[in-house]
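Asks: In case you want the letters, here they are:
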Amino acid sequence: MTRNSIAFWTGSTVFLVAVFVMTQVVGNQYPFFAGYVILQFIALAVAWSILGGYAGYVNFGTSAFFGVGVYAAVFLVKAFGAPLPLQILAGAAIGALMGFALGLLTLRMQGIFFSIATIALTIIIETTITNWRYVGGAAGIQIQRPAVTAPFDNYVQMLFFVQALLVVLAVAISRYIQNSWIGRGLQALRDDELAAECTGVPTLRLKLLACVISGALMCAVGAPAAMYLQYADPASAFNLNYSVTTLAMSLIGGTAHWSGPIIGAILLGTTQQLLTVTISSEVNVLVLGLMLVLFVVGAPEGIIGLIRKLRGDRKEGEV
Amino acid sequence: MSKKVSKPGSISRRRLLATAGAALAATPLGAKLVRAQQTPIRIGMSMPQTGGLAGGGKASLLGIEIWRDDVNAKGGLLGGRKIELVVYDDKSSASETPAIYSKLIDVDKVDLLFAPYATVPTAPIMPMVKQRGLLLMGNFSFQVNSKVGHDMWFNNAPWGPADSWATSFLDIGQRAGGKSMALLAADQEFAQNLAKTAREVAAKRNLPMVFDQAYPPNTVEFSSIIRALKAAKPDIVYIASYPPDSAGILRAVNEIGIGDNVKVFGGGMVGLQFGAVMENMGSLLNGVVNYNTWLPEKSMYFEGTKEFFDKYTKRAVEAKIDPLGYYLAPFGYASGQLIAQAINAVGSLEQKALAKYLRENTHKTIVGPIAFSPDGERKETAVLQAQFRGVVDKNMEQFRSSGKQVILFPENLKSGELIAPFEAARK
Numbered sequence: 001m002t003r004n005s006i007a008f009w010t011g012s013t014v015f016l017v018a019v020f021v022m023t024q025v026v027g028n029q030y031p032f033f034a035g036y037v038i039l040q041f042i043a044l045a046v047a048w049s050i051l052g053g054y055a056g057y058v059n060f061g062t063s064a065f066f067g068v069g070v071y072a073a074v075f076l077v078k079a080f081g082a083p084l085p086l087q088i089l090a091g092a093a094i095g096a097l098m099g100f101a102l103g104l105l106t107l108r109m110q111g112i113f114f115s116i117a118t119i120a121l122t123i124i125i126e127t128t129i130t131n132w133r134y135v136g137g138a139a140g141i142q143i144q145r146p147a148v149t150a151p152f153d154n155y156v157q158m159l160f161f162v163q164a165l166l167v168v169l170a171v172a173i174s175r176y177i178q179n180s181w182i183g184r185g186l187q188a189l190r191d192d193e194l195a196a197e198c199t200g201v202p203t204l205r206l207k208l209l210a211c212v213i214s215g216a217l218m219c220a221v222g223a224p225a226a227m228y229l230q231y232a233d234p235a236s237a238f239n240l241n242y243s244v245t246t247l248a249m250s251l252i253g254g255t256a257h258w259s260g261p262i263i264g265a266i267l268l269g270t271t272q273q274l275l276t277v278t279i280s281s282e283v284n285v286l287v288l289g290l291m292l293v294l295f296v297v298g299a300p301e302g303i304i305g306l307i308r309k310l311r312g313d314r315k316e317g318e319v
Numbered sequence: 001m002s003k004k005v006s007k008p009g010s011i012s013r014r015r016l017l018a019t020a021g022a023a024l025a026a027t028p029l030g031a032k033l034v035r036a037q038q039t040p041i042r043i044g045m046s047m048p049q050t051g052g053l054a055g056g057g058k059a060s061l062l063g064i065e066i067w068r069d070d071v072n073a074k075g076g077l078l079g080g081r082k083i084e085l086v087v088y089d090d091k092s093s094a095s096e097t098p099a100i101y102s103k104l105i106d107v108d109k110v111d112l113l114f115a116p117y118a119t120v121p122t123a124p125i126m127p128m129v130k131q132r133g134l135l136l137m138g139n140f141s142f143q144v145n146s147k148v149g150h151d152m153w154f155n156n157a158p159w160g161p162a163d164s165w166a167t168s169f170l171d172i173g174q175r176a177g178g179k180s181m182a183l184l185a186a187d188q189e190f191a192q193n194l195a196k197t198a199r200e201v202a203a204k205r206n207l208p209m210v211f212d213q214a215y216p217p218n219t220v221e222f223s224s225i226i227r228a229l230k231a232a233k234p235d236i237v238y239i240a241s242y243p244p245d246s247a248g249i250l251r252a253v254n255e256i257g258i259g260d261n262v263k264v265f266g267g268g269m270v271g272l273q274f275g276a277v278m279e280n281m282g283s284l285l286n287g288v289v290n291y292n293t294w295l296p297e298k299s300m301y302f303e304g305t306k307e308f309f310d311k312y313t314k315r316a317v318e319a320k321i322d323p324l325g326y327y328l329a330p331f332g333y334a335s336g337q338l339i340a341q342a343i344n345a346v347g348s349l350e351q352k353a354l355a356k357y358l359r360e361n362t363h364k365t366i367v368g369p370i371a372f373s374p375d376g377e378r379k380e381t382a383v384l385q386a387q388f389r390g391v392v393d394k395n396m397e398q399f400r401s402s403g404k405q406v407i408l409f410p411e412n413l414k415s416g417e418l419i420a421p422f423e424a425a426r427k
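In order, the protein sequences belong to chains A and B.
Numbering of the first sequence is given in full-length UniProt numbering, commencing with residue 1 and proceeding in unit increments.
Numbering of the second sequence is given in full-length UniProt numbering, commencing with residue 1 and proceeding in unit increments.
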């Protein structure tokens with residue numbers, strides 16, 4: 001294990017322990033409700049940047065994967081009363097399959113055409129769910145939470161911890177990919193796909209792999225959202241907001257390093273939560289828009305790029 | 001200006017008041033009174049102010065704000081406590097409301113909760129308020145409590161029992177000689193709920209359903225659907241649609257026609273309650289029988305109704321929202337009236353006692369008397385079915401006068417008779 005890895009795993013353990021202690025000590029529910037949403041976006045942004053950042057394939061289908069995760073959980077709860085871990089695992093499996101299918105169908109398209117295809121995917125799946133009466137159809141469905149499992153005494157606290165686990169998992173995978181041959185291959189194909197192919201990088205296979213992993217993570221993140229809301233309707237679950245926000249978080253944070261999406265998601269997610277309960281009007285949409293414009297103009301490489309530029313850091317790929 | 005000089009030895013009125021006030025404050029009772037006057041009664045809610053539901057949300061909020069200002073102008077509740085509203089924007093989304101209501105309950109520690117406008121943002125907070133045993137005043141959501149079963153939920157909307165909507169419309173249709181029905185519904189939450197009950201009621205009455213179709217949201221071209229519907233030759237046409245599609249459907253009907261056998265047309269078309277849409281549609285509205293919640297007919301004026309709309313009309317211009325405001329705003333005001341009556345009767349903010357009072361009594365409001373059934377919905381439906389008559393193009397003000405929307409249901413509010421068939425009523 002390198003020194004870097006030790007630092008990473010120590011950090012992750014400290015984070016999880018802190019989250020766990022928080023669920024045991026803090027009685028006020030609001031930090032868990034708001035924190036859950038922020039953690040959810042961190043995991044989504046990290047998962048997104050595996051395909052969108054490393055490979056440079058801008059995926060607008062985050063909401064499709066997220067929504068499928070939500071509805072996988074809804075279906076399992078309604079049909080079998082499945083417990084939360086099973087919902088998440090099933091979500092991940094379906095997400096992986098969906099990522100594979102999406103990859104096969106669309107990864108031969110490049111640039112803007114791939115992005116458009118992913119938007120189409122969202123619409124197709126949303127329409128399908130809208131017409132599937134068993135999971136509520138257009139009218140939506142209310143679901144009841146089961147009793148909470150010890151040592152948690154509140155379901156939202158448990159969901160908060162579960163989401164923290166998913167964040168650590170997503171980040172660990174993303175970090176592994178970046179530092180391994182997969183990441184190097186993805187970076188090569190991002191810079192020049194033709195050149196990468198010519199030098200022997202198996203571009204389609206790598207892209208497919210990235211698509212599968214990214215999809216599985218996004219769906220897994222969506223699954224607990226069903227229990228968080230105790231309600232699912234297609235318009236909310238497949239809201240294009242998830243796609244746009246996730247993309248904005250990754251871009252603001254910077255896609256060149258695994259920590260970029262985390263920084264972006266924390267910054268943007270926290271700002272969003274704060275704005276919702278402070279300014280709370282049309283203005284908060286404006287503030288987010290302005291933030292995005294400022295970053296695109298002032299820091300096109302995101303915060304990570306900005307930090308590197310300021311430090312004149314040449315050691316790319318390392319913290 | 002001359003300065004008032006008080007004679008030496010005499011005591012000025014101001015000083016007398018100050019001394020008396022200080023003396024009162026010094027006593028334990030006085031201290032309590034002063035503190036009570038200082039702490040307002042805080043009512044927390046989220047309200048869609050951006051996104052698809054924003055138009056309705058803003059009108060509803062204005063209704064509640066007018067109530068707050070009225071109460072505060074009269075000196076507040078519980079011996080002088082002013083009303084304060086804590087409102088957050090939920091962006092019309094279900095995913096925002098759990099965090100917002102947790103903030104309202106755990107951080108802001110508001111005294112009472114109002115629900116956001118509409119079903120989708122309300123649905124996720126129902127289990128939460130049930131678990132915490134909190135009173136929630138509903139705001140135009142549809143059947144959100146049917147599965148949750150919270151006994152401290154009270155919906156301000158006039159819906160009543162779930163099937164009453166379809167029942168009243170089909171009653172009108174069958175009385176006019178309708179023997180078969182067609183159903184056209186948007187693939188969205190509210191419309192699908194209406195369609196479901198309509199199917200059930202039709203089946204119960206052995207009314208043959210000759211056409212039953214759902215169309216995807218954002219459909220703009222309805223001529224092929226209306227042609228198919230016309231070919232089925234139904235007597236009663238029940239439409240459950242959203243604002244943009246309501247306009248599209250009426251345009252298609254205007255172009256293609258709907259056939260002479262159609263007795264009544266409409267029922268659940270959302271959008272035909274909003275001033276801007278009505279002004280835009282103009283004469284295309286004539287003949288349509290559609291649901292509404294409040295209309296400027298003689299039978300709809302109760303104590304305070306006229307005063308409310310005087311204030312609303314003035315403030316709606318400044319706030320740039322629906323200038324008519326019939327659909328939601330008076331019910332926002334009524335929510336306030338309900339809770340104020342409960343607080344006055346109970347004499348405290350104790351939620352269980354307030355809920356008990358609301359459940360057991362009939363309450364006077366500007367939208368008429370309100371009584372609740374055990375599930376927190378109205379005991380009896382007060383959803384109006386009204387027929388558009390003599391509407392001309394491009395005129396908002398015409399909708400302020402009576403007779404433009406003649407109330408056919410409920411009986412006690414009726415202001416005219418149905419003109420059938422639909423084609424005759426359109427002229």
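Hint data in this document are derived by calculation from the structure and do not stem from the laboratory.
We put the beta carbon where it would ideally sit given N, CA and C, even for glycine.
Please note that the accuracy of each hint is not assured.
[What the hints assert, rightly or not] Here are the simulated distance ranges between beta carbons:
| hint | chain 1 | residue 1 | chain 2 | residue 2 | range |
| --- | --- | --- | --- | --- | --- |
| 1 | A | 124 | B | 78 | 53 to 59 Å |
| 2 | B | 131 | A | 204 | 46 to 52 Å |
| 3 | A | 301 | B | 228 | 53 to 59 Å |
| 4 | B | 228 | A | 294 | 49 to 55 Å |
| 5 | A | 128 | B | 177 | 39 to 45 Å |
| 6 | B | 204 | A | 81 | 29 to 35 Å |
| 7 | A | 81 | B | 317 | 50 to 56 Å |
| 8 | A | 240 | B | 379 | 36 to 42 Å |
| 9 | A | 111 | B | 397 | 40 to 46 Å |
| 10 | A | 128 | B | 392 | 41 to 47 Å |
[Claimed, not checked] Derived pair list, reagent style DSSO-like, types lysine-lysine, alpha-carbon separation capped at 27 Å:
| hint | chain 1 | residue 1 | chain 2 | residue 2 |
| --- | --- | --- | --- | --- |
| 11 | B | 427 | B | 414 |
| 12 | B | 230 | B | 427 |
| 13 | B | 74 | B | 147 |
| 14 | B | 179 | B | 233 |
| 15 | B | 147 | A | 78 |
| 16 | B | 130 | A | 78 |
| 17 | B | 379 | B | 204 |
| 18 | B | 196 | A | 78 |
| 19 | B | 352 | B | 147 |
Asks: Could you run down the list of hints and mark each one as holding or not?
Replies: Right, here's what the structure says about each hint:
1. A/124 <-> B/78: 53 to 59 Å: Once the Cβ atoms are compared, 56 Å apart, the range 53 to 59 Å for residue 78 of chain B and residue 124 of chain A holds.
2. B/131 <-> A/204: 46 to 52 Å: Given range 46 to 52 Å: holds, Cβ gap about 50 Å.
3. A/301 <-> B/228: 53 to 59 Å: Between residue 301 of chain A and residue 228 of chain B, where Cβ atoms are some 55 Å apart, the hint holds.
4. B/228 <-> A/294: 49 to 55 Å: The hinted range 49 to 55 Å holds for residue 228 of chain B and residue 294 of chain A, with Cβ atoms some 52 Å apart.
5. A/128 <-> B/177: 39 to 45 Å: holds (41 Å)
6. B/204 <-> A/81: 29 to 35 Å: holds (32 Å)
7. A/81 <-> B/317: 50 to 56 Å: At 54 Å between Cβs, range holds.
8. A/240 <-> B/379: 36 to 42 Å: holds (41 Å)
9. A/111 <-> B/397: 40 to 46 Å: violated (54 Å)
10. A/128 <-> B/392: 41 to 47 Å: About 44 Å separates the Cβ atoms of residue 128 of chain A and residue 392 of chain B, which means 41 to 47 Å holds.
11. B/427 <-> B/414: holds (22 Å)
12. B/230 <-> B/427: holds (19 Å)
13. B/74 <-> B/147: violated (40 Å)
14. B/179 <-> B/233: Holds, at about 11 Å.
15. B/147 <-> A/78: Distance of about 14 Å is within 27 Å: holds.
16. B/130 <-> A/78: holds (21 Å)
17. B/379 <-> B/204: Holds - the C-alpha atoms of residue 204 of chain B and residue 379 of chain B are around 22 Å apart, at most 27 Å.
18. B/196 <-> A/78: Between residue 196 of chain B and residue 78 of chain A the Cα gap is close to 20 Å, so the pair holds against 27 Å.
19. B/352 <-> B/147: Within the cut-off at roughly 21 Å; holds.
Of the hints listed earlier, those the structure fails to meet are numbers 9 and 13, in rising order.
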